[in-house]
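Asker: Chains as they are written, first to last, in this note's numbering: chain G, 144 to 350; chain B, 531 to 1296.
Careful: at least some of the hints might be erroneous.
Stated by the list, open to error - Rough simulated footprint, nothing fancy, chain G against chain B, three-plus residues with beta-carbon under 8 Å:
id, segment
1, 909 to 921
2, 1013 to 1025
3, 1180 to 1192
4, 1214 to 1226
To be verified - The list that follows gives simulated cross-link-like pairs (lysine-lysine, DSS-like), each with its CA atoms no further than 27 Å apart:
id, chain 1, residue 1, chain 2, residue 2
5, B, K615, B, K812
6, B, K1225, G, K346
7, B, K812, B, K644
8, B, K959, B, K923
9, B, K1225, G, K347
10, B, K612, B, K802
Hints in this document: simulated from the structure, not taken from any laboratory.
Note that this is a predicted model, so its numbers are computed, not measured.
We treat Cβ as the ideally placed atom computed from N, Cα and C, and that holds for glycine.
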Amino acid sequence: MNEKKDPTQRPRGGVTRRGFLGSVGAGAVVAATGVARPGEAIPEITSPEEMVRVALMINGRLHRLLVEPRWTLLFVLRERLAITGTKAGCERGECGSCTVLIDGQPRYACMTLAVEAEGTEITTVEGLLDGEELGTVQKAFVEEDAFQCGYCTPGQVMAAEGLLRINPSPSFDEIRCGMSGNLCRCGTYPHIVNAVTTAAENKKGGQ
Amino acid sequence: MDKESPYWIDGSVPETPGTGEYPDPWKKTTIVGTRVPRVDAYERVSGTAVYPHDVSLPEMLHGAILRCPHAHANVLKIDTSKAEKMPGVLAVLTGESPGADMPWYSRRGQFTSKLFDTRCRHEGEEIAVVAAETPLQAVDAIRAIEVEYEVLPFVVDDEAALEPSAPAIHEGGNIIGEPSVRERGDLAAGFAEADVVVERTYSTKCEIHAPMEPHGSVAKWDGNRLTIWDTTQGVYSVQEGLARAMSLPLANVRVIGHYMGGGFGSKLEVGKYTVYAALMAKTTGRPVKIFMPREDCFLATGNRPGNKMTVKIGAKKDGTLTAIDYKSLGSPGAYPAGAGSGSLAAYLYTCANVRTEDTTVYTNAGKARPMRAPGFPQGAWALEQAMDELAQKLDVDPIELRLQNIATELQAEENRPYTSNQLAECLRKGAAEFGWDEARKRVQSDGHLRRGVGVAACFWGYGGGPPSTVIVKLFSDGSVNLNMGASDIGTGTKTWAAMIVAEELGVAVNQIQIEHADTATTQYATSSGGSKTVPSDSPAVRAAAYAVKVQLMRMAAEQLEVDVSDLELRDLKISSQSDSEKSIEVTGLEKLGRQGLVIGTGYRDPNPEDKITFPFAAQFCEVEVNTHTGEVRLLHFLGAHDSGRVLNRLTYDNQVFGGIVMGVGLGMTEERVLDRQTGKMANANFHDYKVPTMKDIAVEHSCVPIDIPDNEFNTTGTKGLGEPATIPTAAAIANAVYDAIGIRVTDSPINPVQMARLIAEQRKEA
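With the sequences and hints as input, model every part of the structure.
Answerer: Written as structure tokens, this is what we have:
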């Protein structure tokens, strides 16, 4: 958390932290940042409508915008930036449809506040494309038919991408573990296992 | 078949919309039956597919719905004054708003409630709706609405609801009509003949559909024309429901449903949210989007009722079934919908003396909607476990017992024979590929880890049929546009449709563009549900392509001056079979060039009159039970399916495995919990309601299609697959668990909590 790159070159904290701390309530602050400790001065209270400036690095492009401190990264992606590949399934961190990579790690965008994501590198499913060309994991999902309705698929693809970046040769059990945070109600898990395996091989082959 | 039609099929008689030339069955195919990746795969994996939840229109408002927090209550007073003054709020809708006082109906058109009913019969009934500039403003505003309730006594237990003293949910009491009875022969005589009788009571828990895309719509008015983007399995069904609710001409309601994130039966009908969006879009003059939060989806978008089933089977020593007595109780919640489960018991096996009785009762719970093979997985859980028990008592292989009793005709009113029934092949070929005999001989015990194998069989009680209309356009450059009304709910509809056109016309699959699921621009199709999209719409697709082919051949015959019967079409080239000199590319047809395109209209051919068509299946599984922890690991699952001809083997496998995964949910993980103290759902979220994850599935999955075309049924030889893929799964698991540890698990789900208890009880008895 401490050594995140800040694409704006602005020191971390400042406006972002104050607006965020003051408005979402102590419980949420503890959950989200773990920084509110007993004895620490309670920051100035701001109203929920008070907008905070953030700069978000999404798929290599910097987006500067005003957000309410309570807005999640998912909300900002979909409702403010119209980057709708990232899907909303439960909006409470249980289904994985909104999985994105934050600094290379799979994270639920619904459980990440937009203000929290400042200074990180965010990758959505669109960010795996090279122009119109699908990424390796996406191609494997096509080839292995690793989806049906496709609604959970962007999240599955991002979870697989994150898994393979950390573990380039996952075993069957490691795939099951790494992908278990993403629900697929169509039940395409057997084909998702195949896709992750194929993608791992193709990534090693330099595809 | 009318009496046996699934309850969610409206009473109307399906009819072929037009006559046409129906092609003969394929003798051999080059594209159909192969593995073809989906034509819309790029859109779905790249994030570029626009689902209804992704739709955003200029000036669009966002809606939120306030729901009743009580299981049973009267609304006395609603005060919306604070909400109306909140920032960003543009509309607040209650039952007293102009135009909102409208009746609400079940799918068969009975009026049982209102758009906003002041009597709330289950937790999650709609009280008021807000439209605001942003989604969060709308949520803030519904929280500011003050409602005064008179909380009423409630009942959420099916059996308690039968008691005369139970709170009445509708006038006339809680029992919904007379029990539905199927009866033949003489039950008492049948049991008198029996050498062996098994009897047991089973139960399954209520399941929630829980598609990954929540329910919702976007509504936009242009003058008197309403356009709806809806996450739906059937655009025409939503159009009809909206037009009826809002008294609009059908032509004025355009419903678009290109992509959708799963339904499983919960998205077959118009939702109240769609009507709210339309009403508020009218009053504000701006588009309105309403998507339901996940918790609300758990409460108010349907479910598969739990059933309590008592089944008694009698058989002679030689395995002949002499009598089946089946009683089922289920609740569709607070409004009419089906909750029966008796079809399998009545018809899967040959038996002269059968009685099934389905009792359904209102409870203060969310209304059921058809969920993937409504009633069948529950019935299989009871019947197929009973058959397993019978096989033990008779000391025969459970596969042999089933093979011996397969029904060749529907043992109902007219005893119509099936156009095809390959259940025997499913059992034989499935067992061979699974290694059934070897698995049963294997040492099954390794200390506390015990292995077992199980099998279960089924049919699915709906075949499909007319109406369906499809249009195929072939342009002068040989590219093709396919126009059909069916939704692709994830089953690969667009892909097999393109494959059929490619097969018929010799066009490459990627040369075919598809327009679908739009009531304004595409042809009529019934909803994608009931495993009937392939058998209903694929023959119409083929007929449309065939109609194009016939015209092209006539053009070529004229231009080449040969007889039509001498010509064949291959890879967009028409050649004379007798004179190899005479051939022409389709793009070289002069008449096609002058016309610009050729249009072919295809209709679904009528079903044969004196026969009936069902898909059949058998599933096999091997489990490992940990007798220390009660955990059950699935080692291998195999689905052997008779769904007629296989169109696309890639998506076929996926469908079979997906059905098995959902069946694992019913069998091992899923259960709606209604709190007895409050009547409220205690697990309305994905954390506490356990949809299977990747960690819950079997280590190995196999698919064994019995790829025998049913050419008597339709011109593609296809039957349905989606529902049968999930019917026998849970029962097969239960039978495997019995084989492993000798415990008959009568109540779903087979989770470690229950297993640990049952294993402890078994030890105590021993």
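Asker: Now tell me if each hint is right for this structure.
Answerer: Here is how each hint holds up against the structure:
With 0 residues carrying a beta carbon less than 8 Å from a beta carbon of chain G, the segment 909 to 921 of chain B misses the three-residue requirement, and the given coverage is violated. Restraint check on the segment 1013 to 1025 of chain B versus chain G: 4 residues with Cβ-Cβ distances below 8 Å, three needed, restraint holds. Interface restraint, the segment 1180 to 1192 of chain B with chain G: holds (11 residues with C-beta to C-beta distance below 8 Å; minimum three). Counting residues of the segment 1214 to 1226 of chain B whose beta carbon lies closer than 8 Å to any beta carbon of chain G gives 8, which reaches the threshold of three, so the coverage claim holds.
Distance hint between K615(B) and K812(B) is fulfilled; the C-alpha atoms sit about 20 Å from each other, no more than 27 Å. The hinted pair formed by K1225(B) and K346(G) meets the criterion: a straight-line CA distance of about 24 Å does not exceed 27 Å. Distance hint between K812(B) and K644(B) is fulfilled; the C-alpha atoms sit about 20 Å from each other, no more than 27 Å. Of the pairs offered as hints, the one joining K959(B) and K923(B) holds, with about 25 Å between alpha carbons and a cut-off of 27 Å not exceeded.
Between K1225(B) and K347(G) the alpha-carbon distance is near 26 Å, which keeps this suggested pair within the 27 Å criterion. At most 27 Å may separate the alpha-carbon atoms for a hinted pair to count; K612(B) and K802(B) meet this at roughly 24 Å.
The structure is inconsistent with hint 1 alone, although it conforms to all the rest.
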